[in-house]
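Chemist: Each chain, written out:
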Amino acid sequence: MKRRTILAFMLDRPGVLNKVSMLIRKKMYNVDTLTVCSSRIEGISRMTITLQEDDERKVNQVIKQLEKFTEVISVKELHADNSYWREVAIVKLEVDGNHLETFRGNYNFEILDQKSEDIHIIQVAGSTRHIDGFLDAVGREYIIEIARTGASAMEK
Amino acid sequence: MNGKTLVVKALQEQGVKYVFGYTGGAIMPIFDEMDRQDSVQFIMSRHEQGAAFMAQGLSRASRSTGERKVGVCISTSGPGAMNLATGIADAYMDSVPVVAITGQVATGVIATDAFQESDVVGVMMPICKQTYMPLGADDVESTMHEAFYVAVTGRGGPVVVDLPKDVQNEEVSNGYNFDSSAFHPNLPGFLYHPTPEREPLQRAMYLINRSERPLVFCGHGVINANAGKLLQQFAEKVNIPIAFTLHGLSAVPADHPLSLGMMGMHGTVEANRAIMEADLLISFGMRFDDRVTGKLNEYARDADVIHVEIDPSEIEKNVATTVAINADVAQTLRAMLDDPMLTYKPRRRWFEKIEEYREVMKADLEAELAKGTGDGGGLLMKSIVHQLSKLTEGKDLIVPDVGQHQMMAARFYNYQTENSWFASGGAGTMGASLPMAIGVKLARPGERVWSICGDGGFQMNMQELGTVMEQQIDIKILLFNNGYLGMVRQWQTLFYDGRYAGTPMQSPDFGLIAQAYDIPYEKVENVKDIQPALQRAMDQKGAVFVEFVCDPTEVILPMIPAGGGFDDMIIKRPSPDKTAKKSGKEK
Ligand SMILES: Cc1ncc(C[n+]2csc(CCOP(=O)(O)OP(=O)(O)O)c2C)c(N)n1
Ligand SMILES: [Mg+2]
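As you go down the protein sequences, you meet chains A and B in turn. The first sequence begins at 1 in my numbering and counts up by one. The second sequence begins at 157 in my numbering and counts up by one.
Honestly, the hints are just simulated from the structure, not real lab data. Among the hints, a few may not be true.
Said to hold, decoys possible - Calculated lysine-lysine pairs in the BS3-like style (CA-CA distance at most 30 Å, straight line):
1. B/451 to A/64
2. B/451 to A/26
3. B/473 to A/58
4. B/451 to A/27
5. A/68 to B/473
6. B/473 to A/27
7. B/473 to A/26
8. A/2 to B/473
9. A/2 to B/451
10. B/451 to A/68
11. A/76 to B/473
12. A/156 to A/58
13. A/2 to A/58
14. A/64 to B/473
15. B/451 to A/58
16. A/19 to B/728
Let the sequences and hints guide you as you build the complete structure.
Modeler: Here's what the structure looks like:
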């Protein structure tokens, strides 16, 4: 299924997040990621939703129904080729420090904390694929705990 | 000034004359204030659901009058608000502006499962256009005005304002200052495009001029925009027949030569066959719901679609459009009528075909109407409606309930007055008629109002006879008593081999019920008594209750089975023995 990213701006009023998530539930999607943050303008929030859908018309329906909410100011779909999708992951890993350093060249990460000889808390930022690639390279079996922000996106 | 005075002030400024509802602990301050200020008249329903439908009736009936009103209903928290919910959901499905005010427990105890606390905003959010919960007295007035604005702007709908009890009593802060006349809600994304754009309009007119087998679709939006006359002029100018959705009925006189009557599941043969054959659908203010289209992939296969609709999210939802016009129906019709590009075309072959379709069921129907009784010997609903139509010359206001009688009222009353048909359509809520008729009568006191009910639906809200009695509401109640949940029985006859599970129903003595509420009553069992009884009901001042003993075997045809296509349309009555055979088991 195709991954879709929908970017919406809306008034920061109580219940808006609830409405958006209820609509997505009503349309029977399972949200992949949903991030909310404040925008440049006070009182207006920015929401990025990713979900899986192949059918263009269904995506347009979701967009139009989001636009219908009185609080929603604008909604559009962001396409992969003309926008940046980024996320951050914080990972607690059981891995030897020297081994970790061998990934430096290919992946952009920062060590936040070293708990013991081979327990590190690191931060890795980038596209979803970049983060997945890093985790695969290090070996997912070494993950003790992971926190990912979900995608935030911006048009080029 | 405090929360409650500002609520009443806002109601007054919005021109609210009636508030329908029921009191209780969490809403008492506002009731007390309404009583003290005496600017709005409170009408007590006997159940909050009744109040929501009364508010709907007032909204629906007033949209064609010079003074368009938003119906207002009010309840206490918890169970009171929950009882409103069905009427709110119904208003949302039918795009009816309503403002509902609900009491809420005090802010200090919200979310502690306080006595009579329900999460009203949470429950109502998916079944209404907008919800509010002002958390301080300073926000009350702007919230109330925004609620009215949202309810009527663009596609109408219900709005719920949940008011914590302490906010009702709270004083506004020092220096509070609000000017309602200068107020405009800050909703930058809540846009509404009433004016059609030039380019799609031109493409639409090009398609219209070119079309050989076009149809005009008249939906609820035409009634809401008060555009019946414009639609009629448009159809006459281009010479295109009109098919109506359930809610489009009464926008144009039903016997207009271009009228094909209702479309969809229980629509006429001529409307539905024409849709199958059409090369262009010009649809105004409708949403192509499943009762209208049947199986989508078989729907109007050869037709281009022009979709004029105020709500952009309805465009392309169910049916692919060739030209989308997101605009007000009245403005779009005016723009096209003013354009010299639009031309008349005789379309003789198309009309010949339609005349053929009109004949398909004509003889059967005429025979039924002439006889007036069904296979079981009881009265036919269609012939009662037909007689009512003749007697009132199609000019009265009709408020049906939900079921077979509703479809009979849709099909066999000859609507002459614009906006004279008020039905629960999108939700199909049994019990809507009696309370809705009360609201309709209050909005249009000079016109005669008929509440046409089935024995099932009537009993869902018959407590509202109390309001009829108390307020001396002059409505004519016609009860079509067939001893069954008839519409469901019809499906059982057609699709469940005549097994009547859960549809036979024992009813009380309606004569005694009417008497208990001091409403004149009569019972009609013979065809010859229908007309005189209706005449007496018309002549009687005040409310009247007439019960008709109807035939349970009557079916409303044609019928397109749920999920079926137009090719599956049933036009022949099931053989009498198929329904009669099971009668031993039925009661
Ligand atoms: C509140 C509600 N419950 C159930 C239904 C399902 N339903 C639709 S029509 C109908 C039968 C209505 O019976 P009655 O009021 O006697 O009218 P009739 O069809 O016999 O004319 C039922 C049960 C409904 N529409 N609304
Ligand atoms: Mg019945």
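Chemist: Compare the structure with each hint and give your call.
Modeler: The hints, checked one at a time:
no.: 1; hint: B/451 to A/64; in the structure: holds, 24 Å
no.: 2; hint: B/451 to A/26; in the structure: holds, 22 Å
no.: 3; hint: B/473 to A/58; in the structure: holds, 8 Å
no.: 4; hint: B/451 to A/27; in the structure: holds, 20 Å
no.: 5; hint: A/68 to B/473; in the structure: holds, 13 Å
no.: 6; hint: B/473 to A/27; in the structure: holds, 12 Å
no.: 7; hint: B/473 to A/26; in the structure: holds, 15 Å
no.: 8; hint: A/2 to B/473; in the structure: holds, 20 Å
no.: 9; hint: A/2 to B/451; in the structure: holds, 27 Å
no.: 10; hint: B/451 to A/68; in the structure: holds, 27 Å
no.: 11; hint: A/76 to B/473; in the structure: holds, 17 Å
no.: 12; hint: A/156 to A/58; in the structure: holds, 25 Å
no.: 13; hint: A/2 to A/58; in the structure: holds, 12 Å
no.: 14; hint: A/64 to B/473; in the structure: holds, 9 Å
no.: 15; hint: B/451 to A/58; in the structure: holds, 18 Å
no.: 16; hint: A/19 to B/728; in the structure: violated, 47 Å
Checked against the numbered hints above, the structure violates only hint 16.
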